[in-house]
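Enquirer: As a plain string of letters, each chain reads:
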Amino acid sequence: MVKLIGAIFIIVATTVIGFEASRHLSERPRQLRDLKSALQSLEAEIMYSHTPLHEAARRLAAQLSKPLSTFFDGFAGKLIDTETTVKQAWETSLREVWKSTALKKGEFEIMKQFGETLGRHDRFSQQKHIMLTLSHLEREEANAIQAQLKYEKMVKSLGFLSGLLLVILLF
Amino acid sequence: MGLEVDIIFKIAGVGIVVAFLHTVLDQVGKKEYAQWVTLFGFIYILFQVATIVDDLFQKIKSVFLFQ
Chain F
1 MVKLIGAIFI IVATTVIGFE ASRHLSERPR QLRDLKSALQ SLEAEIMYSH
51 TPLHEAARRL AAQLSKPLST FFDGFAGKLI DTETTVKQAW ETSLREVWKS
101 TALKKGEFEI MKQFGETLGR HDRFSQQKHI MLTLSHLERE EANAIQAQLK
151 YEKMVKSLGF LSGLLLVILL F
Chain R
1 MGLEVDIIFK IAGVGIVVAF LHTVLDQVGK KEYAQWVTLF GFIYILFQVA
51 TIVDDLFQKI KSVFLFQ
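First to last, the sequence lines map onto chains F and R. If you read the first sequence in our numbering, its first letter stands for residue 1, the second for the next number, and so on. If you read the second sequence in our numbering, its first letter stands for residue 1, the second for the next number, and so on.
I should point out that these hints are in silico values taken from the structure, not numbers from a laboratory. Heads up, a few of these hints could be off.
Partner residues aside, some chain F positions facing chain R, computed with beta carbon under 8 Å [to be verified]: (1) Leu39; (2) Leu64; (3) Leu68; (4) Leu118; (5) Lys150; (6) Leu170.
In silico DSBU-like pairs for lysine-lysine, Cα to Cα no more than 30 Å straight-line [as the list claims (entries may be wrong)]: (7) Lys31(R) / Lys150(F); (8) Lys78(F) / Lys153(F); (9) Lys105(F) / Lys30(R); (10) Lys99(F) / Lys78(F); (11) Lys104(F) / Lys30(R); (12) Lys10(R) / Lys156(F); (13) Lys10(R) / Lys30(R); (14) Lys10(R) / Lys153(F); (15) Lys156(F) / Lys31(R); (16) Lys31(R) / Lys153(F); (17) Lys128(F) / Lys36(F); (18) Lys36(F) / Lys3(F); (19) Lys3(F) / Lys10(R); (20) Lys104(F) / Lys31(R); (21) Lys30(R) / Lys156(F); (22) Lys66(F) / Lys3(F).
Keep in mind that this is a model prediction, so the values were computed, not measured. Glycine included, C-beta positions come from ideal geometry on N, C-alpha and C.
Make a model of the complete structure from these sequences and hints.
Expert: What follows is the structure in C-alpha cells.
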C-alpha cells in the first residue's frame, strides 16, 4: 500500500515537471510577442507623442502584462528616483526581471544592446535602432516557435515515461 | 514461483517504457539520447537476468555436482 502511494507520488511529480517544462516552452513565444509590441509602442511614444522616456516606460508598464510590466515599471522608477544613466537603469531592471521570464540569453543580449542605444540619438536613428531590435526579436521568435512545436509534446511524454520507468526500476 | 513471474513482468515493463522513450526521442531528432536510454535499459535488464541465471547455475551445481 505504502509502495503504491510512493509510486503514485513519483509519477505525479515527474509528470508535473514535464508539464512545467512544456509551459516554459510555450510561454517563450508569447513573451517575445509581448516584447515586440512593447517596443512598437515605445517607438510610437517616441516618434509621435514625444513622450519623455520615464513617462513612456510608465505607460508601457500599464499596457503590458506581468513580467514585462514589472520591467518597465522598474525602469521608470529608476529613471526618476536614482542618479543613473538610461543604459544602467535599463540593464539593471532587465537583470532584475529576467529570472521570472521564460526568455533566454539571446534575447537578453539583444535587449541589452538596445538599451545602450536608448536615448542617445535623435528620434529618427532611435527609430532605426528600434527597427533593428524588432527584426532581431522576430528571428528569435521564429526560433522559439520552432522549438515549441518540436519539443512541447516530447517534454510532456518524457516526464510521464521517466516517472514510470523510475517506478518500475524501484518496485 | 511468484518471484519469477514478478521479474518477468518487471522486464516487460522496462522494455515497454524504454521502447516508448526511444520512439519519442527518435521522433524529435534526439537520436543519441534515444540510443543511450535503450543501452541503459538493456544493461539493467542484463544484470537482472544475469543474477537469475547465476541462481540457476548454483542450483544445477548443487544438484549434480559435489558440494
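Enquirer: So, for every hint listed, does it hold in this structure?
Expert: Evaluated hints:
1. Leu39: Interface hint status for Leu39(F): violated (32 Å vs cutoff 8 Å).
2. Leu64: Violated, about 33 Å.
3. Leu68: violated, 30 Å
4. Leu118: Given a least distance of 39 Å, the restraint on Leu118(F) is violated.
5. Lys150: Check passed: Cβ of Lys150(F) comes within 6 Å of chain R, closer than 8 Å.
6. Leu170: Since chain R brings no Cβ nearer than about 11 Å to Leu170(F), farther than 8 Å, the hint is violated.
7. Lys31(R) / Lys150(F): Cα-Cα ~14 Å, so holds.
8. Lys78(F) / Lys153(F): violated, 41 Å
9. Lys105(F) / Lys30(R): holds, 23 Å
10. Lys99(F) / Lys78(F): Roughly 19 Å between the alpha carbons, so the hint for Lys99(F) and Lys78(F) holds.
11. Lys104(F) / Lys30(R): holds, 21 Å
12. Lys10(R) / Lys156(F): Within the cut-off at roughly 24 Å; holds.
13. Lys10(R) / Lys30(R): holds, 26 Å
14. Lys10(R) / Lys153(F): With a Cα-Cα distance of about 27 Å, the restraint between Lys10(R) and Lys153(F) holds, given a limit of 30 Å.
15. Lys156(F) / Lys31(R): holds, 18 Å
16. Lys31(R) / Lys153(F): holds, 16 Å
17. Lys128(F) / Lys36(F): holds, 14 Å
18. Lys36(F) / Lys3(F): Roughly 50 Å separates the two Cα atoms, so the pair is violated.
19. Lys3(F) / Lys10(R): holds, 15 Å
20. Lys104(F) / Lys31(R): holds, 25 Å
21. Lys30(R) / Lys156(F): holds, 15 Å
22. Lys66(F) / Lys3(F): Given that 30 Å is the threshold and the Cα spacing comes to 42 Å, the pair is violated.
Against the hints set out earlier in the document, violations occur for numbers 1, 2, 3, 4, 6, 8, 18 and 22.
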